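One line per chain: the protein sequences are D and Z, in this order. Its first residue numbered 5, the first sequence is counted upward by one per residue in this note's numbering. Its first residue numbered 5, the second sequence is counted upward by one per residue in this note's numbering.
In case anyone wonders, no lab produced these hints; they're calculated from the structure. Note that this is a predicted model, so its numbers are computed, not measured. Cβ coordinates follow ideal geometry from the N, Cα and C atoms, glycine included. Treat the hints with care, since some could be wrong.
[What the hints assert, rightly or not] Label-pair distances were calculated between CB atoms; the ranges are:
1) Z/ALA127 x D/GLY195: 22 to 32 Å
2) D/GLN351 x Z/LEU338: 52 to 62 Å
3) Z/ASP222 x D/VAL297: 53 to 63 Å
4) D/TYR214 x Z/GLY428: 35 to 45 Å
5) D/GLY140 x Z/GLY379: 24 to 34 Å
6) Z/ARG178 x D/PHE49: 53 to 63 Å
7) D/GLY140 x Z/LEU248: 27 to 37 Å
8) Z/ALA127 x D/GLU359: 34 to 44 Å
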Amino acid sequence: MNKGFRIRLLWLLVPVSAVVLAFGVSSLVLIAIGENPISAFRSMFQYGSQQNSLVSTVNRAVPLYVAGLAVAIGFKMNLFNIGVEGQYRLAALLSAAAGAAVALPAPLHIAFIMLVAMAVGAGWAGIAGVLKVKRGVHEVVSTIMLNSIATGVTAYLLANYLRKPLVGSELLLATRPIPASGQLPPLAVIGGEDLRSFVLIAVALGVLVYVLIWRTRFGYDLRASGINPDAARASGIDPNRMILTTMLISGAIAGLIGMSDLFGFFHAYTLDFPAGLGFDGIAVALVGLNHPVGIAIAAMVFSWVDRAAQILDLEGVPKEVIIITKGVIILSVVIAYEVVRRLVQAQEVKAAAEETRRLEQTEEAVAA
Amino acid sequence: MSWGGPDTALAQATQGRRLEARRMLFFLGWVILLLSAVRWATGAPDLTSSGTYGAALRLAVPILLAGLGGLYAERTGVVNIGLEGMMILGTWFGAWGGVQFGPWWGVVLGITGGMLGALVHAAATITFGVNQIVSGVAINILAAGVARFLSVIAFTGHGGGATQSPQVTSSLPRLTVPVLAGGKFFGWQSPDVLGWLEQRHWFLISDTSAMFRGFMVDLSILTVITLLLVPGTYLFLWRTRLGLRMRSAGENPWAAESLGVRVYTMKYLGVLISGALAGLAGAFLVLEAAGIYREGQTGGRGFIGLAAMIFGNWRPSGVAAAAGLFGYADALNLRSAEAIHALLLFVGISLTALGIWYLYRRRLLGGVLSIVIGGLVFLWFAVTDAVPRQFIFITPYVATLVVLAVASQRLRMPTYDGIPFRKGEQIS
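One chain only, chain D, in its complex shape (with noise of 0.2 Å):
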């Protein structure tokens, strides 16, 4: 078999691997606890098929792949953008309050809330990108302090400013509720469940991000400076610079991700508005390895299993053991990429050698 397609097996083994190393580990775990895994992916997968499981996975996925391509944009450059949490929890506080306090066409309304959210994620972000820039503060640990520090300001600007006032027995504090011509209708109802349209945006964002970080100039420097960052500096590209806007860029998206439920559920920012999305954004976005299209598969299957899960609950079974599950998917995509990687490296190198032999081979023969 030929070399490129020799690679692309090579490649294939890192989702292969996952899936496989996925079952396996659930499977003996849940033999260990007594149960019976084969039935247990069975009713799993029952349930999962149906409709509304569908139309639900879809829903959850939306969010989980716009976090992923925040945080997978600052991966890219060697940037560990971990304060996704914060940055989109504000934006969605702010963007709703924003968002309920004027009154646009609907249109209009729209692009408004996710202006003002992607301002929000981009400003907080920028914080840490400053921080980095200016003092050599390490993006981790600073983005991780500022997620704190957003759930802190959070919760003091909704209990303080952003509220609106409770009403007879309400307990619940929320912003005030935005208008129609702020909200999305549904695009569809399958299965007796709503499909909600940001799902549109959210591929339109995946692929004016595959087209900034493949297909634009701004892209190639992005991406030489995550490869090789010294020879990047060395051809012209401003390290500095390319973290700030890179932090921008990561939080702008980051504060998307609120947005839908935002539109197509909540209508406000309440205390249980979705939580935990940064995380699990990093988590699509390693095992998604960085790729707008890898992203999005790692999101349907990670919001797949999420809801296939619940059925497990019925059953008897913990449905907790999906977090071994996610967490096995995680660690041997990170694990196999590396092996395959170096692999197909040591297949390039083997090639070349054979080339250059036979070129010198060809030479003297020629020469002779």
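On the provided structure of chain D, position chain Z as indicated by the hints.
For chain Z alone, kept in the frame of chain D given last:
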């Protein structure tokens, strides 16, 4: 982004260490003086009470352990972002061991749990060459999930739940220093000299004696062990042959390899010790501080420990000082809203003083910025009566960020920290 490299070392090579130590002591003296003054001015006793210092020590221990753990790993050249996850494993196994077998088993199992997480991190980064930060982040995600899963299996239906364990009933021994702090000496209740001094509320004398007393009352045996680990780490890493080999793995692994040091082994050792210390921190949180495992108990302390390590310039004494600072911020956070409000005055005065010093050194931008921010903080203190609850919650995180922002430029990490080592593939 790069963690290290030889040009970093060359650029920051010499840093008069003795001068630094003397300057630190001088600085500490001024801090205590200012704190005493603020305490006297605002009448907020908790700012410098022995209760606060005792709590500060108790809260500093997990941060110190995490910081030391990070130090061991990074001195061998492996960045360990997964400390938080290893601490989570330490809390879970510490609680489970404590409930099932007793507190000392909780400690042992907590340490083991942390080491398990470290083993995964070590295998992924050292043997397979995965990016060290990616692996650390993955460990954090995994550990949280594993803890949740194990809780569901082990704790639900046995007095706990998916997010917490049953109460750990027995506890570890504690001691109080006799004579100075009123400890029992073979059954005889000794006088509490420092406590008596503290009650006088004499400016500076009472505050200093409160500080010493805080470090002598109700000390857990784990706290004593942790405090001994600080000089112990220095002696191990800088005065033994094995320590030298470990440090050489982080400073120049290829040179070390050529001299016969088994670099892979050293790195594994560093990461495993790192996990053990993080696990001990988790066990401490459960067995000493809370008596119970609760989801989210670690509260980011693994990362604050990393920050303490960075701020401590990768040296044990520095880590201890930084952990003390963060522990103090944490203690104020928990104990007294009034003290946090008084802390604003302290910060305001300090920033203004810093600004004046910057201007004296002709650093115009830094000076003006410090004075402006200092003035704003002072205004905040003067205008408000109390700091909002949500802002009190974020005190330790803001403190960490500020400390890192101020100090990061003058620090030197191990030369090849974070750079993957593969035999025969020298990166220079």
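Notebook entry, point to check: D/GLY140 and Z/GLY379, beta-carbon distance inside 24 to 34 Å?
Noted result: This hint holds: roughly 27 Å between Cβ atoms.
Notebook entry, point to check: Do Z/ARG178 and D/PHE49 keep their Cβ atoms within the hinted range of 53 to 63 Å?
Noted result: Check passed, 55 Å falls within 53 to 63 Å.
Notebook entry, point to check: Holds or violated: 34 to 44 Å for the Cβ distance of Z/ALA127 and D/GLU359?
Noted result: Check passed, 35 Å falls within 34 to 44 Å.
Checklist line | Satisfaction of the hinted span 22 to 32 Å by the C-beta atoms belonging to Z/ALA127 and D/GLY195 | finding: violated, 44 Å
Check: So the hint says 35 to 45 Å: do the beta-carbon atoms of D/TYR214 and Z/GLY428 match that?
Finding: Cβ of D/TYR214 to Cβ of Z/GLY428: about 37 Å, so the range 35 to 45 Å holds.
Next item on the list: Given the hint of 27 to 37 Å, check if D/GLY140 and Z/LEU248 actually sit that far apart at their C-beta atoms.
Entry: Roughly 28 Å apart at Cβ, these two residues keep to the hinted range, so it holds.
Margin query: Taking the Cβ atom of Z/ASP222 and the Cβ atom of D/VAL297, is their distance within the range 53 to 63 Å?
Written below: holds, 58 Å
Next item on the list: Could you say whether the range 52 to 62 Å given as a hint is met by the Cβ separation of D/GLN351 and Z/LEU338?
Entry: holds, 58 Å
Violation of the numbered hints given earlier is confined to hint 1; every other hint is satisfied by the structure.
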